[in-house]
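Undergrad: Given next are the chains, with one letter for each unit.
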Amino acid sequence: MVKPRMEVELAGLRLQNPVMPASGTFGFGEEYEGYLDLNSLGAIVTKSVTLEPTPGNPPPRVAETPAGLLNSIGLQNPGLEVFLREKMPFLRQLRPPVIVNIAGRTLEEYVELARRLDGVDGVAALEVNISCPNVKEGGLAFGSSPEQAARLIRAVRRVTTLPIIAKLSPNVTDVVAVAKGVEAAGADAVSLINTLQGMAVDLERRRPVLGNISGGLSGPAVKPVALYCVWRVAREVMIPVIGMGGIMTATDALEFLLAGARAVAVGTANLVNPRAMAEIIAGLEAYLLQHNIEDVNQIIGALEV
Amino acid sequence: MVKPRMEVELAGLRLQNPVMPASGTFGFGEEYEGYLDLNSLGAIVTKSVTLEPTPGNPPPRVAETPAGLLNSIGLQNPGLEVFLREKMPFLRQLRPPVIVNIAGRTLEEYVELARRLDGVDGVAALEVNISCPNVKEGGLAFGSSPEQAARLIRAVRRVTTLPIIAKLSPNVTDVVAVAKGVEAAGADAVSLINTLQGMAVDLERRRPVLGNISGGLSGPAVKPVALYCVWRVAREVMIPVIGMGGIMTATDALEFLLAGARAVAVGTANLVNPRAMAEIIAGLEAYLLQHNIEDVNQIIGALEV
Amino acid sequence: MSSLWQGEVVANTAVGPDIYHLRLRTALPGPRPGQFVHLRCGSSWDPLLRRPLSIHDYNPARQELELLYQVVGRGTAWLAGRRPGDFLDGLGPLGRGFTLPPGPRVALVAGGLGIAPLFFLARVAAAGGYQVTLYVGARSRDGLLRLETLQGLAVEVQRATDDGSAGFAGPVTSLLARHLEYKQYDGIFACGPRAMLAEVAKLAGQRGIPAEVSLEERMACGLGACRGCVVALYGEDGSIAYENVCSAGPVFPAEKIVW
Amino acid sequence: MSSLWQGEVVANTAVGPDIYHLRLRTALPGPRPGQFVHLRCGSSWDPLLRRPLSIHDYNPARQELELLYQVVGRGTAWLAGRRPGDFLDGLGPLGRGFTLPPGPRVALVAGGLGIAPLFFLARVAAAGGYQVTLYVGARSRDGLLRLETLQGLAVEVQRATDDGSAGFAGPVTSLLARHLEYKQYDGIFACGPRAMLAEVAKLAGQRGIPAEVSLEERMACGLGACRGCVVALYGEDGSIAYENVCSAGPVFPAEKIVW
Ligand SMILES: Cc1cc2nc3c(=O)[nH]c(=O)nc-3n(C[C@H](O)[C@H](O)[C@H](O)COP(=O)(O)OP(=O)(O)OC[C@H]3O[C@@H](n4cnc5c(N)ncnc54)[C@H](O)[C@@H]3O)c2cc1C
Ligand SMILES: Cc1cc2nc3c(=O)[nH]c(=O)nc-3n(C[C@H](O)[C@H](O)[C@H](O)COP(=O)(O)OP(=O)(O)OC[C@H]3O[C@@H](n4cnc5c(N)ncnc54)[C@H](O)[C@@H]3O)c2cc1C
Ligand SMILES: Cc1cc2nc3c(=O)[nH]c(=O)nc-3n(C[C@H](O)[C@H](O)[C@H](O)COP(=O)(O)O)c2cc1C
Ligand SMILES: Cc1cc2nc3c(=O)[nH]c(=O)nc-3n(C[C@H](O)[C@H](O)[C@H](O)COP(=O)(O)O)c2cc1C
Ligand code: FES
Ligand code: FES
Numbered sequence: 001m002v003k004p005r006m007e008v009e010l011a012g013l014r015l016q017n018p019v020m021p022a023s024g025t026f027g028f029g030e031e032y033e034g035y036l037d038l039n040s041l042g043a044i045v046t047k048s049v050t051l052e053p054t055p056g057n058p059p060p061r062v063a064e065t066p067a068g069l070l071n072s073i074g075l076q077n078p079g080l081e082v083f084l085r086e087k088m089p090f091l092r093q094l095r096p097p098v099i100v101n102i103a104g105r106t107l108e109e110y111v112e113l114a115r116r117l118d119g120v121d122g123v124a125a126l127e128v129n130i131s132c133p134n135v136k137e138g139g140l141a142f143g144s145s146p147e148q149a150a151r152l153i154r155a156v157r158r159v160t161t162l163p164i165i166a167k168l169s170p171n172v173t174d175v176v177a178v179a180k181g182v183e184a185a186g187a188d189a190v191s192l193i194n195t196l197q198g199m200a201v202d203l204e205r206r207r208p209v210l211g212n213i214s215g216g217l218s219g220p221a222v223k224p225v226a227l228y229c230v231w232r233v234a235r236e237v238m239i240p241v242i243g244m245g246g247i248m249t250a251t252d253a254l255e256f257l258l259a260g261a262r263a264v265a266v267g268t269a270n271l272v273n274p275r276a277m278a279e280i281i282a283g284l285e286a287y288l289l290q291h292n293i294e295d296v297n298q299i300i301g302a303l304e305v
Numbered sequence: 001m002v003k004p005r006m007e008v009e010l011a012g013l014r015l016q017n018p019v020m021p022a023s024g025t026f027g028f029g030e031e032y033e034g035y036l037d038l039n040s041l042g043a044i045v046t047k048s049v050t051l052e053p054t055p056g057n058p059p060p061r062v063a064e065t066p067a068g069l070l071n072s073i074g075l076q077n078p079g080l081e082v083f084l085r086e087k088m089p090f091l092r093q094l095r096p097p098v099i100v101n102i103a104g105r106t107l108e109e110y111v112e113l114a115r116r117l118d119g120v121d122g123v124a125a126l127e128v129n130i131s132c133p134n135v136k137e138g139g140l141a142f143g144s145s146p147e148q149a150a151r152l153i154r155a156v157r158r159v160t161t162l163p164i165i166a167k168l169s170p171n172v173t174d175v176v177a178v179a180k181g182v183e184a185a186g187a188d189a190v191s192l193i194n195t196l197q198g199m200a201v202d203l204e205r206r207r208p209v210l211g212n213i214s215g216g217l218s219g220p221a222v223k224p225v226a227l228y229c230v231w232r233v234a235r236e237v238m239i240p241v242i243g244m245g246g247i248m249t250a251t252d253a254l255e256f257l258l259a260g261a262r263a264v265a266v267g268t269a270n271l272v273n274p275r276a277m278a279e280i281i282a283g284l285e286a287y288l289l290q291h292n293i294e295d296v297n298q299i300i301g302a303l304e305v
Numbered sequence: 001m002s003s004l005w006q007g008e009v010v011a012n013t014a015v016g017p018d019i020y021h022l023r024l025r026t027a028l029p030g031p032r033p034g035q036f037v038h039l040r041c042g043s044s045w046d047p048l049l050r051r052p053l054s055i056h057d058y059n060p061a062r063q064e065l066e067l068l069y070q071v072v073g074r075g076t077a078w079l080a081g082r083r084p085g086d087f088l089d090g091l092g093p094l095g096r097g098f099t100l101p102p103g104p105r106v107a108l109v110a111g112g113l114g115i116a117p118l119f120f121l122a123r124v125a126a127a128g129g130y131q132v133t134l135y136v137g138a139r140s141r142d143g144l145l146r147l148e149t150l151q152g153l154a155v156e157v158q159r160a161t162d163d164g165s166a167g168f169a170g171p172v173t174s175l176l177a178r179h180l181e182y183k184q185y186d187g188i189f190a191c192g193p194r195a196m197l198a199e200v201a202k203l204a205g206q207r208g209i210p211a212e213v214s215l216e217e218r219m220a221c222g223l224g225a226c227r228g229c230v231v232a233l234y235g236e237d238g239s240i241a242y243e244n245v246c247s248a249g250p251v252f253p254a255e256k257i258v259w
Numbered sequence: 001m002s003s004l005w006q007g008e009v010v011a012n013t014a015v016g017p018d019i020y021h022l023r024l025r026t027a028l029p030g031p032r033p034g035q036f037v038h039l040r041c042g043s044s045w046d047p048l049l050r051r052p053l054s055i056h057d058y059n060p061a062r063q064e065l066e067l068l069y070q071v072v073g074r075g076t077a078w079l080a081g082r083r084p085g086d087f088l089d090g091l092g093p094l095g096r097g098f099t100l101p102p103g104p105r106v107a108l109v110a111g112g113l114g115i116a117p118l119f120f121l122a123r124v125a126a127a128g129g130y131q132v133t134l135y136v137g138a139r140s141r142d143g144l145l146r147l148e149t150l151q152g153l154a155v156e157v158q159r160a161t162d163d164g165s166a167g168f169a170g171p172v173t174s175l176l177a178r179h180l181e182y183k184q185y186d187g188i189f190a191c192g193p194r195a196m197l198a199e200v201a202k203l204a205g206q207r208g209i210p211a212e213v214s215l216e217e218r219m220a221c222g223l224g225a226c227r228g229c230v231v232a233l234y235g236e237d238g239s240i241a242y243e244n245v246c247s248a249g250p251v252f253p254a255e256k257i258v259w
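Chains as they are written, first to last, in the numbering used here: chain F, 1 to 305; chain D, 1 to 305; chain E, 1 to 259; chain Z, 1 to 259.
Bound conformation, chain F alone (with noise of 0.2 Å):
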């Protein structure tokens, strides 16, 4: 048989493969570089960039918990300048499309971080982050309320043409709403879910483990939560879904698209096995030639209930 159609599209980018590292989990790429062929890569997706340099949170920062990771890393990044002086001439040079992920403090942080990314030479897209745990000022506080994350997309949206991916919590009681305040506001897809609030506690220390007390639940454990979020949204928004939360395996990566996620991210899987992406597309790719599936496109939502 012949090879299997891997390409979708999403927020008019052509992906190669639907499958993308989830922002902070991949550094700017650099560091895979020895593990997987980044031009393998369905997109590349970055950390977090700031304007302003980011120290980040008070270590420890990492916890774990069963089959999760609690993070608490705080967006610790060079900053936007820093950002395009330095990381931007590596990816630029790569084939699959480089879509930046911005957080901001204040509203006018985001927008400021979109006008300067604006037709930055190999940026592809804009991945809005409302939805970091671990900030005192913005993040959360704009992913938390369909009205404010509509506010930000619609400021972000006037002054960049880059295709926008707002990237959404599920610490939130009704997450098609804020899916469908950022669509209305102008937003080209969504990307979720960031992490999960929690906690871990150190009990011979009588201290939280995390020096920022707590911190967001990635990995395995939150799957059925991220499924479940992702499985509403796509059902009731018209712009595409990256899927994302406790991908491990090609196995995870098909649940997802058949709850209808156009792409996926991986994670935490990236921190346990550098190899994973690689490993899941080479999955996805041997799932639909033994199913004679001709075209990924064909098991995206194709959930049966």
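Possibly wrong hints are sitting among the right ones.
[Stated by the list, open to error] Which bits of chain F does chain D cover? Going by a derived footprint, with three or more residues having C-beta under 8 Å, they are:
{"hint": "1", "segment": "65-73"}
{"hint": "2", "segment": "197-203"}
{"hint": "3", "segment": "226-239"}
{"hint": "4", "segment": "255-267"}
[What the hints assert, rightly or not] Here are the computed lysine to aspartate or glutamate pairs in the DMTMM-like style, where the Cα-Cα straight-line distance is at most 25 Å:
{"hint": "5", "chain 1": "Z", "residue 1": "Lys256", "chain 2": "F", "residue 2": "Glu31"}
{"hint": "6", "chain 1": "F", "residue 1": "Lys180", "chain 2": "D", "residue 2": "Glu147"}
{"hint": "7", "chain 1": "Z", "residue 1": "Lys202", "chain 2": "Z", "residue 2": "Glu181"}
{"hint": "8", "chain 1": "F", "residue 1": "Lys3", "chain 2": "D", "residue 2": "Glu204"}
{"hint": "9", "chain 1": "Z", "residue 1": "Lys183", "chain 2": "Z", "residue 2": "Asp162"}
{"hint": "10", "chain 1": "D", "residue 1": "Lys180", "chain 2": "F", "residue 2": "Asp174"}
{"hint": "11", "chain 1": "F", "residue 1": "Lys180", "chain 2": "D", "residue 2": "Asp174"}
{"hint": "12", "chain 1": "D", "residue 1": "Lys180", "chain 2": "D", "residue 2": "Glu304"}
{"hint": "13", "chain 1": "E", "residue 1": "Lys256", "chain 2": "D", "residue 2": "Glu31"}
{"hint": "14", "chain 1": "D", "residue 1": "Lys3", "chain 2": "F", "residue 2": "Glu204"}
{"hint": "15", "chain 1": "E", "residue 1": "Lys202", "chain 2": "E", "residue 2": "Glu243"}
{"hint": "16", "chain 1": "D", "residue 1": "Lys180", "chain 2": "F", "residue 2": "Glu147"}
The set of hints was computed from the structure by calculation and includes no laboratory data. Computed from a predicted structure; not experimentally measured. We treat Cβ as the ideally placed atom computed from N, Cα and C, and that holds for glycine.
Dock chains D, E and Z with the ligands against the given chain F, drawing on the hints supplied.
TA: Frame of chain F; chains D, E and Z with the ligands shown alone:
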């Protein structure tokens, strides 16, 4: 050293120790009689009781997820009348206080349940389930907004003199607001967390694993989320908190007590190990002894941040 | 009487394609054919739940429990890795077993791994003086399991394979249907895929022979407490209600089941 | 050059209270003392993360990696259960190792399991013609590990135990402090509990001896990608910033660390 004091006071009840079953994972007690001494528990909490017999959801009703369990039981129970006739006689001859968990489809049903349970011999308190994700009507609809939750608790408050424990959902943007709402409405305690909404997909059949499509996630996977909810709520309300979500061992229970829970409930653990609560009680006692702590109340809320 | 135990692995050997025969040393209080045990299959919280496995045989003198299982997922794969000397955390015997009829002639119908509980039933029934015919079906000859062990017992074995590599060529229910045209039975007992059980129920119903089938459903507690493992059954009055497979079953009268 | 591998367990033996010496067959590209490997410790998602363990020794001819670890939690407990013939999923060598100084006299200071990487450093330094003094501290004599293996090498071993059951009675840093009153070193290398490292840093700083210490922090990726494993370090200009232990360390110049 002398045996540590294990008693805690909760919503006017005196519990000989802070460990009780989580509603729905312990049936009506009888099923576990061969495995542990029911009289050794801090309290007994029943499966949710509804006004009329409830058939429950179509199978499959349980799905295993990484370190978690999805269930969509749908509150199957024989209804109030049969409960009073066939289950209460067994329960009332036990020593620990019996907390009856109630669930309605409408506000009126909750009120009617509370009214008819008020004054029933052997009923020590009501746990009001406003957080079940597995029913179409009632349940989560009441638990999702502070106003709805308060309205319901206020209505129940009017018709009963029994202590009221409001059982809260983590599927909300701000669990503290809901907790404050029910506190103001007259709840004597809150219990949290009920399950997180989630879904599992059967790739082979291209269908949801659960007959009801989605379900509620419990077990070790959700522990970080539960601990965080408990910690936040315990700091913000005056009424006591019953903590639950992924408690499998005495260490887990101690973490919840440190985070501010006055008592803990054990759910999924009972399904994996029917002796779980006996082992947790013994483990708590051993920990206190080992650390020269005379009274379990000394560790409640003792987390240093 | 708590039935939580730690059983020591005596042997755990492959007996077919991905199929293992496990012998465990543990003292069980009077297990009956059709009952099951509920085993932890891992030492962490992933996988979390116990796995239900039918009692394949039990020897009270040696205090030896036998199980027959197929590797289909993570739990059974973990189980296949256990070696003699390892200990397993088990619960049981659980559930209600088969009930032999007053009359002496019984047919047992096993599809694939359905042989697991029916082997035990065949042995007990034969020992109890019943005239036992065991119908076993499988995809091909190497799926016909543990039959050599029945030699020497008063059990008539009838084989069927889909590919005709042994015995009757076709589904075991077709073989049963042919035999039912001239053979008389006082009870039929079946375990196997759901479609096969439905067929057995139909055949038995048509002839008015009492039949019992053993069902499978995903379980959590295994004790009747969580209501996770239900199937739809007809009640006395014809109404339909959900009953627990773990505590009301796994063996049910075939006519009660909503197929 | 990917450094993901499957290593076969050659031996995994207890060498002290809850302490194991693990030998793995795997080909590593030129590991250096102070570097570590990142091991999966389980076959399910619980536990989820890899565990970092220092390279205790490496023999390129036999392609044999040695690790020395203490069972402190679930991951290391699982590791202790591995038997010869099992395979382990590893990543590494990772991180930056120790840098030997131009001058020949080096002091290595190990507290408890801190011996794990310093053993490798001692062997390499001695082979490279350095004059090596290895200070080893432990709670009591049975915590002094693997020293017999250093016999025959040009390494002077100085022992200290808290309970005085072997060598100097007191913390290893007190022994070091005494020796520093009359002995000269061109470099000090330390691994052990954080308080001990801070004390070594102070002693070295006071005497102007360059010192390197190996730090521990909870890790996820081990590759420098997630920024989960940071410590606060002084930059060139005296400002403080968070640096990755996994990729910028685990070995750092002692004076850069914000103690
Ligand atoms: C009463 C009873 C008796 C059984 N007896 C036997 C036996 O003797 N030999 C044998 O090989 N198998 C038997 N089974 C089926 C056996 O329980 C499953 O094959 C096993 O649970 C699969 O676990 P896994 O982790 O390998 O598969 P996974 O698919 O990874 O399991 C995932 C989850 O689904 C559940 N599950 C998967 N398949 C089944 C199934 N068919 N029935 C119930 N739950 C399932 C698992 O228990 C687990 O909770 C029996 C089932 C029941 C209900
Ligand atoms: C660079 C480096 C080298 C190390 N070398 C050795 C060595 O050679 N021998 C040895 O015995 N130990 C060493 N350690 C410590 C070792 O990594 C931990 O003891 C081990 O991770 C504990 O895992 P666990 O599952 O048994 O414990 P748990 O407490 O169950 O682990 C829970 C989580 O905390 C992390 N964690 C716990 N303790 C530590 C720690 N001290 N440092 C970092 N993470 C920790 C675990 O990795 C895991 O993610 C080293 C640590 C680092 C950072
Ligand atoms: C260590 C770590 C760092 C992360 N940093 C970011 C970030 O900078 N920006 C962001 O939008 N999401 C961040 N995330 C969230 C992930 O992109 C992803 O949404 C989440 O982890 C769920 O996917 P997973 O379960 O596959 O990890 C981070 C997650 C982890 C584990
Ligand atoms: C099988 C099952 C049935 C449940 N039924 C109920 C119920 O009837 N009423 C209720 O308030 N909560 C119910 N719950 C939720 C539990 O009481 C508890 O809040 C939740 O499972 C989290 O705790 P755990 O992780 O210890 O299980 C149920 C949970 C499970 C797993
Ligand atoms: S598995 Fe819990 S009731 Fe059957
Ligand atoms: S562990 Fe990920 S950066 Fe160090």
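Undergrad: Each of the hints needs a verdict: does it hold here or not?
TA: Evaluated hints:
1. 65-73: Contact hint for the segment 65-73 of chain F vs chain D: holds, 5 residues under 8 Å.
2. 197-203: Held - the segment 197-203 of chain F has 6 residues with a Cβ nearer than 8 Å to chain D, which meets the minimum of three.
3. 226-239: holds (count 3)
4. 255-267: With 3 residues in contact (Cβ-Cβ under 8 Å with chain D), the coverage given for the segment 255-267 of chain F holds.
5. Z:Lys256 x F:Glu31: holds, 24 Å
6. F:Lys180 x D:Glu147: Holds: Lys180 of chain F and Glu147 of chain D sit about 24 Å apart, inside 25 Å.
7. Z:Lys202 x Z:Glu181: holds, 14 Å
8. F:Lys3 x D:Glu204: holds, 21 Å
9. Z:Lys183 x Z:Asp162: Roughly 23 Å separates the two Cα atoms, so the pair holds.
10. D:Lys180 x F:Asp174: Since the Cα atoms of Lys180 of chain D and Asp174 of chain F sit roughly 20 Å apart, the hinted pair holds (cutoff 25 Å).
11. F:Lys180 x D:Asp174: Between Lys180 of chain F and Asp174 of chain D the Cα gap is close to 20 Å, so the pair holds against 25 Å.
12. D:Lys180 x D:Glu304: With Cα atoms ~23 Å apart, Lys180 of chain D and Glu304 of chain D stay inside 25 Å; holds.
13. E:Lys256 x D:Glu31: With a Cα-Cα distance of about 24 Å, the restraint between Lys256 of chain E and Glu31 of chain D holds, given a limit of 25 Å.
14. D:Lys3 x F:Glu204: holds, 21 Å
15. E:Lys202 x E:Glu243: Given pair Lys202 of chain E, Glu243 of chain E holds - Cα atoms ~21 Å apart, limit 25 Å.
16. D:Lys180 x F:Glu147: Between Lys180 of chain D and Glu147 of chain F the Cα gap is close to 24 Å, so the pair holds against 25 Å.
Of the numbered hints listed earlier, not one is contradicted by the structure.
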